[in-house]
Amino acid sequence: MARALAFAWPYAKFCIVGGLFGRTFADWCASVASVDGESMSPTLDGHQAERMLVEKRCLYTYDFTRGDVVVLLSPRNHREVLVKRLIALPGDWIQVPENQEIRQIPQGHCWVEGDNAANSSDSRSYGPVSYHLSALLACSHEFHTLVRAALSICGLYYTSLTFLCLQVPLGLMQGRVTHVVWPPQRIRRVDRNMPEGRIMSQ
Amino acid sequence: MSGFFRRLAGIPWRSIAGDAFSRALLVAQAYCAVHVVDQHLCSLAFVRGPSMLPAINLAGDVLAVDRVSARLGRVENGDVVLMISPEDPRKVVAKRVLGMEGDSVTYLVDPGNSDASKTVVVPQGHVWVQGDNIYASKDSRQFGAVPYGLITGKIFCRVSSVISFASLSF
Numbered sequence: 001m002a003r004a005l006a007f008a009w010p011y012a013k014f015c016i017v018g019g020l021f022g023r024t025f026a027d028w029c030a031s032v033a034s035v036d037g038e039s040m041s042p043t044l045d046g047h048q049a050e051r052m053l054v055e056k057r058c059l060y061t062y063d064f065t066r067g068d069v070v071v072l073l074s075p076r077n078h079r080e081v082l083v084k085r086l087i088a089l090p091g092d093w094i095q096v097p098e099n100q101e102i103r104q105i106p107q108g109h110c111w112v113e114g115d116n117a118a119n120s121s122d123s124r125s126y127g128p129v130s131y132h133l134s135a136l137l138a139c140s141h142e143f144h145t146l147v148r149a150a151l152s153i154c155g156l157y158y159t160s161l162t163f164l165c166l167q168v169p170l171g172l173m174q175g176r177v178t179h180v181v182w183p184p185q186r187i188r189r190v191d192r193n194m195p196e197g198r199i200m201s202q
Numbered sequence: 001m002s003g004f005f006r007r008l009a010g011i012p013w014r015s016i017a018g019d020a021f022s023r024a025l026l027v028a029q030a031y032c033a034v035h036v037v038d039q040h041l042c043s044l045a046f047v048r049g050p051s052m053l054p055a056i057n058l059a060g061d062v063l064a065v066d067r068v069s070a071r072l073g074r075v076e077n078g079d080v081v082l083m084i085s086p087e088d089p090r091k092v093v094a095k096r097v098l099g100m101e102g103d104s105v106t107y108l109v110d111p112g113n114s115d116a117s118k119t120v121v122v123p124q125g126h127v128w129v130q131g132d133n134i135y136a137s138k139d140s141r142q143f144g145a146v147p148y149g150l151i152t153g154k155i156f157c158r159v160s161s162v163i164s165f166a167s168l169s170f
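The listed protein sequences correspond, in order, to chains A and B. If you're matching positions, the first sequence starts at 1 in UniProt numbering and goes up one per residue. If you're matching positions, the second sequence starts at 1 in UniProt numbering and goes up one per residue.
Extracted from the complex, chain A is given alone in its bound form:
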């Protein structure tokens, strides 16, 4: 028994230390995420299994720019992760598309929208995705999903759902998408762009 432990210990230690390094890197620097759903197409297309690089340096001072693609926790369900474009910062005036009202974004909040706003009704076809231990236990049949779940524990990888346009507190932000890194033919920068004529900044 002791010999089996002594044999396995270096591998276990390697995995633990790798997990710690990975988690710290994912929290401070950058991680990889994938997209489900269509409400960010054509910028990010869920059907091609695209992976994107999420950088975390913007969280040090919550310094975002209008037009960034951001990753955030859903205000309706804290286990769900959304990918949206940040349209307006605190203090801006925005024209809400549904009911033509003009609204000022309060302090500490921002306005996020999917790029494909016309298609936002059908992106709830998947249930909420949890990137915690329950995900690891539920999908351990295929090696691929096991590896994905293990990486998600390290915070290096998580899937997200996309829908709607919302006013959310900036504290829900989890990172900013800067590049698409997979598949190789789709590697590119994700640029900032803004919808025309909907925002008036302070």
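Hint data in this document are derived by calculation from the structure and do not stem from the laboratory. Backbone N, C-alpha and C fix where the C-beta goes; we use that ideal spot for every residue, glycine too. Do not rely on the hints blindly, as some may be mistaken.
[What the hints assert, rightly or not] Only some residues are given here: those of chain B computed to face chain A with a beta carbon under 8 Å:
#1 R6
#2 A9
#3 G10
#4 I11
#5 Q29
#6 C32
#7 H35
#8 S85
#9 D88
#10 G125
#11 G149
[Stated by the list, open to error] Quick list of the computed label-pair ranges, beta carbon to beta carbon:
#12 B:R158 x A:R189: 46 to 54 Å
#13 B:D103 x A:V96: 40 to 48 Å
#14 A:V96 x B:K118: 21 to 29 Å
#15 A:T61 x B:G3: 51 to 59 Å
#16 A:N193 x B:H35: 20 to 28 Å
#17 A:A4 x B:Q29: 23 to 31 Å
#18 B:S104 x A:A49: 29 to 37 Å
#19 A:G18 x B:C157: 54 to 62 Å
#20 A:E101 x B:V37: 41 to 49 Å
#21 B:C157 x A:N99: 41 to 49 Å
[As the list claims (entries may be wrong)] Short, incomplete list of chain B residues facing chain A, as computed with Cβ under 7 Å:
#22 A33
#23 I84
#24 P86
#25 P89
#26 P147
#27 Y148
With chain A held as given, fit chain B onto it using these hints.
The following block gives chain B in isolation, referenced to the frame of chain A:
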């Protein structure tokens, strides 16, 4: 002069570099372990201000924060939580949870001056937080129910009462 270079060449640079690298690796591992424990398991927080009197001292208390149960969704009514302020994401505040999603919360609109009260239903995915000291607290009565995702930890223990400075005064 050449004696100096000969001594320089005699120093075991390779083993010094190897030692330095392994020590640096140890420091990096320790830092990562501390970071992961602090952000995802358990942490200490120094909280001060009047909004949670009498539970939390005006001058400040060191509190132990449990990050796991907040992440698993196990926060309930009556828990004191640490959360990112909805008015300024760089600030972290401590408040008490008084309503979970779906609960109906009744609160005094202006406690010092009138008895008027309002009742709201907490929306899905949100919680209602209030400071214990309702006369001096900026909480859900001002900024509304907050999304659960802003909660970063649940406070379960006060550490500073073990080291008590007040015992020296009389």
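Status of each hint after checking the structure:
1. The interface hint given for R6 (chain B) is violated, since its Cβ lies 41 Å from the closest Cβ of chain A, which is over the 8 Å cut-off.
2. About 36 Å separates the beta-carbon of A9 (chain B) from the nearest beta-carbon of chain A, more than 8 Å, and the hint is not met.
3. With a least beta-carbon distance of about 35 Å to chain A, the hint placing G10 (chain B) at the interface is violated under the 8 Å criterion.
4. The interface hint given for I11 (chain B) is broken, as the beta carbon of that residue sits about 31 Å from the closest beta carbon of chain A, more than 8 Å.
5. A cut of 8 Å between beta carbons decides the hint on Q29 (chain B): the least distance to chain A is about 6 Å, and the hint holds.
6. Taking 8 Å as the C-beta contact cut-off toward chain A, the hint placing C32 (chain B) at the interface holds, the least distance being around 4 Å.
7. Hint on H35 (chain B) holds. Least Cβ distance to chain A is approximately 5 Å, under the 8 Å limit.
8. Contact between S85 (chain B) and chain A, as hinted, is supported at the beta carbon level, the nearest pair being about 7 Å apart and thus within 8 Å.
9. Of the supplied interface hints, the one on D88 (chain B) holds, with its beta-carbon coming within about 5 Å of a beta-carbon of chain A, less than 8 Å.
10. For G125 (chain B), the shortest C-beta to C-beta distance to chain A is roughly 4 Å, which falls under 8 Å, so the interface hint holds.
11. Taking 8 Å as the C-beta contact cut-off toward chain A, the hint placing G149 (chain B) at the interface holds, the least distance being around 3 Å.
12. The hint said 46 to 54 Å for the Cβ distance between R158 (chain B) and R189 (chain A), and at roughly 49 Å that hint holds.
13. A hinted range of 40 to 48 Å for the beta carbons of D103 (chain B) and V96 (chain A) is inconsistent with their spacing of about 28 Å.
14. Roughly 25 Å separates the CB atoms of V96 (chain A) and K118 (chain B), a value that falls within the hinted 21 to 29 Å.
15. Restraint check, T61 (chain A) to G3 (chain B): a C-beta distance of roughly 54 Å satisfies the suggested window 51 to 59 Å.
16. For N193 (chain A) and H35 (chain B), the hinted distance range of 20 to 28 Å is not satisfied, since their beta carbons lie about 35 Å from each other.
17. For the pair A4 (chain A) and Q29 (chain B), the beta carbons lie near 25 Å from each other, so the given range of 23 to 31 Å is met.
18. Judged by the Cβ atoms, the range 29 to 37 Å given for S104 (chain B) and A49 (chain A) is violated: they are separated by roughly 44 Å.
19. At roughly 32 Å, the beta carbons of G18 (chain A) and C157 (chain B) sit outside the given window of 54 to 62 Å.
20. For the pair E101 (chain A) and V37 (chain B), the supplied restraint of 41 to 49 Å holds, since their beta-carbon distance comes to about 46 Å.
21. Separated by about 48 Å at the C-beta atoms, C157 (chain B) and N99 (chain A) satisfy the suggested range of 41 to 49 Å.
22. Proximity of A33 (chain B) to chain A holds as hinted, the smallest CB-CB distance being about 6 Å (cut-off 7 Å).
23. For I84 (chain B), the shortest C-beta to C-beta distance to chain A is roughly 3 Å, which falls under 7 Å, so the interface hint holds.
24. Interface restraint check: P86 (chain B) against chain A, minimum CB-CB distance 4 Å, threshold 7 Å, status holds.
25. The interface hint given for P89 (chain B) holds, since its Cβ lies 4 Å from the closest Cβ of chain A, which is under the 7 Å cut-off.
26. For P147 (chain B), the interface hint holds, since its Cβ comes within 7 Å of a Cβ in chain A; the closest pair sits about 4 Å apart.
27. Because the beta carbon of Y148 (chain B) sits about 4 Å from the nearest beta carbon in chain A, less than 7 Å, this interface hint is met.
In summary, the numbered hints that this structure violates are 1, 2, 3, 4, 13, 16, 18 and 19.
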